[in-house]
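There are 4 protein chains.
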Amino acid sequence: MNGDLDEGIKRLAWAREHMEVLAKIREDIKSSGALEGKRIAMALHVEAKTGILALTLKEAGADVRLASCNPLSTDNDVSLALNEHFGLETHAKYGESREEYYNNLNSVLDIKPDIIIDDGTDMISMVHTDRTELLDNIIGANEETTTGIVRLQAMVRESALKFPVMDVNNAKMKHFFDNRYGTGQSTFDGIFTATNLLIAGKNVVIGGYGWCGRGIAFKARGLGARVTVTEIDAVKATEALLDGFDVKPMLEAVRDADFIISATGCKDIVTDEHLQVIKDRCLLANSGHFDNEISKEALARHSTGKKVVRRFVEEFQLKNGKKVYLLGDGRLINLVAGQGHPAEIMDMSFAVQAMCAKYLALNHDNLENRVYTVPKELDEQIARLRLSTLGITIDKLSPDQEKYINSWHEGT
Amino acid sequence: MNGDLDEGIKRLAWAREHMEVLAKIREDIKSSGALEGKRIAMALHVEAKTGILALTLKEAGADVRLASCNPLSTDNDVSLALNEHFGLETHAKYGESREEYYNNLNSVLDIKPDIIIDDGTDMISMVHTDRTELLDNIIGANEETTTGIVRLQAMVRESALKFPVMDVNNAKMKHFFDNRYGTGQSTFDGIFTATNLLIAGKNVVIGGYGWCGRGIAFKARGLGARVTVTEIDAVKATEALLDGFDVKPMLEAVRDADFIISATGCKDIVTDEHLQVIKDRCLLANSGHFDNEISKEALARHSTGKKVVRRFVEEFQLKNGKKVYLLGDGRLINLVAGQGHPAEIMDMSFAVQAMCAKYLALNHDNLENRVYTVPKELDEQIARLRLSTLGITIDKLSPDQEKYINSWHEGT
Amino acid sequence: MNGDLDEGIKRLAWAREHMEVLAKIREDIKSSGALEGKRIAMALHVEAKTGILALTLKEAGADVRLASCNPLSTDNDVSLALNEHFGLETHAKYGESREEYYNNLNSVLDIKPDIIIDDGTDMISMVHTDRTELLDNIIGANEETTTGIVRLQAMVRESALKFPVMDVNNAKMKHFFDNRYGTGQSTFDGIFTATNLLIAGKNVVIGGYGWCGRGIAFKARGLGARVTVTEIDAVKATEALLDGFDVKPMLEAVRDADFIISATGCKDIVTDEHLQVIKDRCLLANSGHFDNEISKEALARHSTGKKVVRRFVEEFQLKNGKKVYLLGDGRLINLVAGQGHPAEIMDMSFAVQAMCAKYLALNHDNLENRVYTVPKELDEQIARLRLSTLGITIDKLSPDQEKYINSWHEGT
Amino acid sequence: MNGDLDEGIKRLAWAREHMEVLAKIREDIKSSGALEGKRIAMALHVEAKTGILALTLKEAGADVRLASCNPLSTDNDVSLALNEHFGLETHAKYGESREEYYNNLNSVLDIKPDIIIDDGTDMISMVHTDRTELLDNIIGANEETTTGIVRLQAMVRESALKFPVMDVNNAKMKHFFDNRYGTGQSTFDGIFTATNLLIAGKNVVIGGYGWCGRGIAFKARGLGARVTVTEIDAVKATEALLDGFDVKPMLEAVRDADFIISATGCKDIVTDEHLQVIKDRCLLANSGHFDNEISKEALARHSTGKKVVRRFVEEFQLKNGKKVYLLGDGRLINLVAGQGHPAEIMDMSFAVQAMCAKYLALNHDNLENRVYTVPKELDEQIARLRLSTLGITIDKLSPDQEKYINSWHEGT
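Taken in sequence, the protein lines are chains A, B, C and D.
Counted the way this note's numbering counts, the first sequence spans residues 1 to 412.
Counted the way this note's numbering counts, the second sequence spans residues 1 to 412.
Counted the way this note's numbering counts, the third sequence spans residues 1 to 412.
Counted the way this note's numbering counts, the fourth sequence spans residues 1 to 412.
These are calculated hints, taken from the structure and not from any lab test.
There's no promise every hint is true.
As the list claims (entries may be wrong) - Restricting the straight-line Cα-Cα distance to at most 27 Å, the calculated cross-link-like pairs of lysine-lysine (DSSO-like) are:
1. D/K267 x D/K323
2. A/K323 x A/K376
3. C/K162 x D/K323
4. A/K403 x B/K322
5. A/K296 x B/K403
6. D/K296 x C/K396
7. A/K267 x B/K323
8. D/K403 x C/K267
9. B/K93 x B/K24
10. D/K279 x C/K396
11. B/K403 x A/K396
12. B/K24 x C/K322
13. C/K296 x D/K396
14. B/K403 x A/K162
15. D/K376 x A/K24
16. B/K24 x C/K323
17. C/K403 x C/K93
18. A/K376 x B/K38
19. C/K279 x B/K24
20. B/K376 x A/K376
21. D/K267 x C/K296
22. B/K403 x A/K267
23. B/K322 x C/K24
24. D/K58 x C/K396
25. C/K403 x D/K296
26. D/K30 x D/K58
27. D/K323 x A/K24
28. B/K396 x A/K279
29. C/K307 x C/K279
30. C/K24 x B/K323
31. A/K267 x B/K162
32. A/K24 x D/K322
33. B/K319 x B/K93
34. B/K396 x B/K24
35. D/K322 x C/K279
36. D/K376 x A/K322
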């Protein structure tokens with residue numbers, strides 16, 4: 001595999017330097033012995049921060065293999081460094097074909113995992129379909145994304161899920177931060193790199209006002225954009241409005257859109273009907289997990305031709321004479337054209353991952369085959385570690401305040 | 001009672017004009033007959049928007065009496081207009097003594113209510129202590145505030161609660177909007193009126209980063225302040241930090257504070273230890289429910305004297321030679337010195353109240369004596385009404401998208 | 001005159017407490033003797049901060065009389081306190097008729113001023129038309145507003161101006177702060193009081209993107225509004241756009257406007273053509289100097305009736321069946337319904353006024369009959385006083401840096 | 001020279017696509033014939049947008065040569081494409097030595113220019129020192145930066161300047177936009193790429209609150225940072241404060257700084273005294289023209305060692321045991337690690353450049369050897385073109401309003 005080994009090693013060291021919560025948790029897990037000898041199959045975006053999670057689990061005693069959860073999100077330098085410098089078996093390269101992608105997942109599964117750490121639930125899905133021979137050995141899994149949880153809940157409804165899954169995404173220390181501030185910043189890291197265009201003064205349309213969408217919306221405004229939000233949920237739409245954003249149906253929003261950034265977890269957010277009325281030279285980006293939010297099939301149907309006009313930018317000539325630009329092949333723009341979430345964000349998300357792996361190892365006997373919310377205590381522990389690594393202290397309730405909060409007798 | 005009848009009538013008309021969701025719900029409840037002949041005892045801040053809720057319930061068929069839930073939050077003009085012009089029995093005046101306050105609650109309870117609508121849980125507390133003869137007739141209650149819910153949950157823990165209570169505060173259409181945008185704006189309405197001082201460039205310390213606290217924090221920043229947040233919850237503290245605010249313990253924050261605004265639902269947020277090191281001429285305001293967040297006892301203990309220096313502003317001369325200013329007697333600054341939440345905000349909150357009253361009337365037989373979350377459907381119905389009165393449409397899932405969201409088979 | 005003497009005294013004391021720059025300048029002028037025995041005629045908004053300027057000049061040795069520069073901007077309590085408690089002759093009451101307004105200006109001019117301090121240039125205009133007998137004695141004047149300077153420059157073009165005028169408005173320490181942060185905050189003080197309506201989520205249209213307009217625009221956004229700017233200047237329009245605001249012609253902007261706030265210094269910003277297409281129930285406010293920005297003539301022409309629906313709010317029933325609301329009679333909303341600029345802002349603006357009065361007294365022999373920019377040194381002195389009263393220190397150039405900045409030899 | 005020709009061509013095409021104002025101006029200049037046969041020596045950052053300016057001037061009839069104004073800001077792909085595909089003589093490569101840098105400037109000067117277009121004034125400086133034989137032929141120059149203008153004004157004070165220079169930087173359409181929004185966004189493009197670290201929640205210290213500094217400060221806040229500004233000018237410091245930023249001397253600010261970004265135009269903003277107390281692991285970036293704002297000499301003096309820890313990031317081990325990171329060798333971070341200003345920003349800046357070149361060609365006979373402000377009409381023309389390419393229309397004064405604005409008779 002191509003890659004710059006030295007650069008990969010450096011990038012891992014830089015990430016480690018800025019992932020201090022995970023460092024503290026590694027010591028905790030190691031001394032607990034909870035993951036000693038456990039085999040862990042991981043499918044995540046293979047870049048420096050993920051590398052540190054994998055190495056952390058390894059250093060805490062586990063046997064770890066790593067594949068990518070997305071064909072375009074691997075940092076080859078890091079993949080090389082993990083394999084060659086750190087001896088951590090990694091099956092991932094940038095630009096995998098569909099076949100290579102699934103081969104890599106299979107190679108990682110060959111470790112016969114006790115625990116799966118997944119992002120998007122492709123790997124979990126595989127052990128429920130093609131690799132069912134592995135099910136017996138699996139004590140549980142972690143899932144990183146909203147998208148994956150939606151799929152898992154569908155499995156639960158059909159009684160298809162065969163082991164407990166920790167909903168890492170639902171941990172406050174994950175989705176409050178990773179989805180909101182991580183996606184918010186890194187989406188623009190990707191867009192800056194891909195386009196070198198100005199955000200200030202542009203009409204930026206955000207598909208979805210979930211945690212990711214609102215993170216992107218706030219950062220877009222912080223960069224000077226005029227922001228329009230599309231939603232299917234009336235409560236979230238009202239929130240977006242009172243947060244100062246325009247709210248419109250996508251079919252109306254696309255008419256004035258300079259940028260459309262989708263972050264819904266659903267498909268066909270921009271599709272045939274929108275392309276017919278979209279603003280000329282609109283830029284289309286996706287920050288959702290799968291590359292079906294901006295429909296590439298619809299783009300193909302409505303175009304007379306296409307060409308790469310810049311790295312990460314593909315121009316589609318529409319039949320109506322307009323042009324639109326698809327960024328990063330419609331895949332996660334923050335990972336394809338940017339460097340993914342900032343290290344400090346992944347420090348918190350992966351702290352949840354590591355703590356949940358430990359939790360599964362210690363508690364799997366008492367868990368059912370369903371999706372579990374991360375225990376509140378883990379969230380609080382990680383939050384306290386985060387503040388302490390920053391040197392920030394906060395208030396504590398006095399005994400008197402504690403008593404007051406728990407009483408109903410005092411009044412006006 | 002003193003008051004300007006004509007001004008009260010006008011203010012009610014103005015509120016009604018801007019409470020369009022409630023208008024639609026009135027028609028719905030009326031035609032359902034659910035509240036026909038029901039006796040409702042209300043204890044809320046008696047100002048124009050509350051008046052419209054009371055009148056709405058009356059117009060929908062109920063028999064309604066109204067008291068104030070706070071001695072300093074009554075708008076006398078509105079109280080007069082409700083009594084004299086609209087014939088709605090209202091027991092409330094601005095500046096009630098403690099005795100008058102409880103007398104008024106008792107007078108309202110004399111209606112022998114089927115339903116209680118409360119704000120802070122003083123009235124609910126009374127029927128569990130002094131007016132237990134009323135318990136038999138009560139089918140349930142609504143509670144408006146975080147503070148009240150905290151008290152009610154303490155009652156539930158002690159098995160003291162004798163009827164079901166709808167946690168109105170927990171409805172998304174209430175706390176997302178009322179606590180955040182309502183408190184955010186109206187706190188500054190009150191502070192502007194009380195002080196005529198500049199917010200831009202000031203160090204504003206916000207006690208608490210719950211929905212109220214973050215609403216105030218964002219508006220303070222929007223007005224140009226440098227904002228510091230104090231918290232006891234590490235997760236919320238981390239959120240405040242990543243939202244761009246300083247996070248400190250109160251004991252440190254007070255040293256540089258130009259304004260301290262408390263919104264925690266707990267007592268003694270600013271107390272003895274803080275007054276010893278507080279910045280000279282700091283302004284102290286409260287946006288929490290009770291007037292014990294800024295400790296008036298501590299102020300008395302640490303002062304050599306005090307005087308009213310302006311309407312709503314009391315100066316305390318501290319023993320260390322500094323001065324501090326208490327705004328609005330430490331009571332809800334947005335209601336004491338301002339006009340309370342904007343009409344459109346209360347339109348949503350009171351839509352929840354009205355819907356919950358209807359819900360109690362229709363479903364009380366199936367409810368236990370505990371605190372109930374507002375059904376999701378009510379939230380969504382109100383949100384859709386809100387958007388529709390604004391002429392805003394949003395997207396809908398296509399059948400194909402609906403299927404996709406509910407399936408786990410599609411992947412990368 | 002009606003008014004609450006005690007409240008007026010308190011309000012003046014409160015303002016004095018928060019105008020620390022002016023306090024330091026008073027000592028400076030007093031010890032210089034520059035204004036000893038000088039007669040000063042002032043026409044400003046008569047409220048507490050203005051009172052402190054007048055008292056400051058008096059305490060520095062001048063003989064001062066004060067009138068209002070606007071029929072609706074007088075605080076009667078303050079006017080009473082100035083006259084009765086402080087013995088400073090003040091001719092101003094709230095709600096003056098046109099005749100009373102001009103009578104008051106004349107009474108103040110009867111002092112036979114050496115110096116005029118004006119706001120809007122009505123008083124300066126009078127001594128050039130009806131009271132020309134006073135011209136000989138006048139050594140110069142200060143003008144506070146953009147509007148006034150526009151009028152004075154017209155006079156200069158016609159060689160009509162008979163004494164030097166200091167363009168106080170153009171001082172950085174005035175227009176950077178007073179127009180931007182002062183108008184920004186106090187406009188919403190006025191609107192909150194007048195309407196008790198929500199800003200978040202509303203379409204707020206700002207007429208003009210000068211210093212006042214941009215101050216209002218930023219605060220509107222800070223309060224959660226969606227903001228549209230109208231302009232006649234293409235450069236400013238481009239700035240507004242890149243600051244993240246929508247930019248449209250007024251005729252288009254009014255169609256979706258929930259609020260229109262005008263701050264242009266020109267007339268007929270909202271006039272006949274706009275009223276024909278304006279959004280139903282739009283609220284119209286003015287933050288510009290004169291009450292002709294929202295055309296009251298046009299409102300009269302297009303209405304079938306009107307009524308006061310709330311203090312400071314007049315409803316006009318338009319011929320097309322819609323309603324619009326005019327706030328504060330179309331006069332400066334921040335002074336009519338609010339309390340004017342915050343004390344700390346006026347501290348800086350009036351520091352410029354006081355310094356310019358001293359400057360005129362010392363330098364009038366060398367000045368021509370034209371409009372003068374405030375000397376840069378005065379600005380810097382006031383800025384340094386401002387920072388020092390706040391306890392803020394800033395950096396200084398080292399000798400080496402000073403040399404570097406002044407050299408052209410060093411390069412890449 | 002190494003470089004990817006195809007990528008360079010694409011990047012130029014992409015820039016051209018987004019520089020629509022310049023396209024319109026090209027037609028205007030071409031048809032005027034003003035630059036027909038003129039020889040133009042350019043020293044600018046050689047990347048795609050600059051390439052389009054050079055090609056625009058060439059297409060308008062001029063003979064153009066191009067060098068880089070900074071050793072680390074050349075995009076080799078673009079340099080290659082200009083030379084090989086477009087036949088525009090370009091002397092620039094990434095990572096020039098000091099000798100190569102000056103050799104390239106000399107090679108460009110060998111064209112015997114009529115007009116110089118400079119950025120930082122190194123080339124203008126050379127023709128006044130080493131290449132004085134060229135002076136006779138030069139009719140004038142444009143200078144792009146604040147830094148360059150500071151140097152030129154020093155030359156004027158010493159009567160050293162031998163031809164007129166257009167102060168392009170001072171054009172509103174340049175510094176309002178390029179310095180503020182351009183530097184604001186592109187600084188973070190560079191920092192994202194260099195560090196992959198989080199901005200939200202970080203203490204970001206901005207050196208200088210000029211147009212660049214405030215652009216960076218607003219974007220930093222927009223990305224969630226807590227921002228502190230350092231200044232030497234008391235007026236600007238007061239503005240920063242009222243814009244909601246902390247204001248401190250650098251010596252105090254560095255103690256808590258996670259990032260320091262300098263944008264002053266002066267040297268030694270971070271130097272010996274600051275390194276002694278700086279926060280451990282602080283990241284140091286420069287957005288000012290020269291690489292002496294963060295003193296590399298001071299870093300060398302205070303360090304025991306250094307190493308490259310990541311592309312664009314050099315770690316210095318300080319003698320006190322702390323580490324700091326210098327980004328992009330202390331050179332313009334937006335150009336070294338990012339892609340420079342967005343295309344739409346440079347469209348406006350380079351429109352000023354092109355218009356000024358035309359202006360010099362047509363008016364040089366009437367110009368003196370000093371620094372000229374860009375005529376207001378050019379600014380307005382460019383602003384109108386900018387709005388028109390965006391399809392935005394704005395208001396015009398009616399004849400009646402025009403008359404009103406120019407009259408002083410109407411009043412209250």
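Hint-by-hint comparison with the structure:
1. D/K267 x D/K323: 22 Å, holds
2. A/K323 x A/K376: With Cα atoms ~49 Å apart, A/K323 and A/K376 exceed 27 Å; violated.
3. C/K162 x D/K323: Violated, at about 66 Å.
4. A/K403 x B/K322: Violated, because 32 Å separates the two Cα atoms, which is more than 27 Å.
5. A/K296 x B/K403: Measuring from Cα to Cα gives roughly 19 Å; hence the hint holds.
6. D/K296 x C/K396: 21 Å, holds
7. A/K267 x B/K323: With a Cα-Cα distance of about 60 Å, the restraint between A/K267 and B/K323 is violated, given a limit of 27 Å.
8. D/K403 x C/K267: 10 Å, holds
9. B/K93 x B/K24: With a Cα-Cα distance of about 30 Å, the restraint between B/K93 and B/K24 is violated, given a limit of 27 Å.
10. D/K279 x C/K396: 22 Å, holds
11. B/K403 x A/K396: 47 Å, violated
12. B/K24 x C/K322: Status holds; Cα separation ~21 Å.
13. C/K296 x D/K396: Distance ~21 Å between C/K296 and D/K396 Cα, so the pair holds.
14. B/K403 x A/K162: 23 Å, holds
15. D/K376 x A/K24: The given pair, whose Cα atoms are some 61 Å apart, is violated under the 27 Å limit.
16. B/K24 x C/K323: With a Cα-Cα distance of about 21 Å, the restraint between B/K24 and C/K323 holds, given a limit of 27 Å.
17. C/K403 x C/K93: 57 Å, violated
18. A/K376 x B/K38: 42 Å, violated
19. C/K279 x B/K24: Judged against 27 Å, a Cα distance of about 21 Å means the pair holds.
20. B/K376 x A/K376: With a Cα-Cα distance of about 23 Å, the restraint between B/K376 and A/K376 holds, given a limit of 27 Å.
21. D/K267 x C/K296: Violated: D/K267 and C/K296 sit about 57 Å apart, past 27 Å.
22. B/K403 x A/K267: 10 Å, holds
23. B/K322 x C/K24: 21 Å, holds
24. D/K58 x C/K396: 46 Å, violated
25. C/K403 x D/K296: With a Cα-Cα distance of about 19 Å, the restraint between C/K403 and D/K296 holds, given a limit of 27 Å.
26. D/K30 x D/K58: 10 Å, holds
27. D/K323 x A/K24: Given that 27 Å is the threshold and the Cα spacing comes to 21 Å, the pair holds.
28. B/K396 x A/K279: 22 Å, holds
29. C/K307 x C/K279: Given pair C/K307, C/K279 holds - Cα atoms ~19 Å apart, limit 27 Å.
30. C/K24 x B/K323: OK: C/K24 and B/K323 at ~21 Å, within 27 Å.
31. A/K267 x B/K162: 49 Å, violated
32. A/K24 x D/K322: Holds, at roughly 21 Å.
33. B/K319 x B/K93: Answer violated: B/K319 to B/K93 is near 36 Å, above 27 Å.
34. B/K396 x B/K24: Roughly 23 Å between the alpha carbons, so the hint for B/K396 and B/K24 holds.
35. D/K322 x C/K279: Not OK: D/K322 and C/K279 at ~61 Å, beyond 27 Å, violated.
36. D/K376 x A/K322: Cα-Cα ~36 Å, so violated.
The structure fails to meet hints 2, 3, 4, 7, 9, 11, 15, 17, 18, 21, 24, 31, 33, 35, 36 from the earlier list, while all remaining hints are met.
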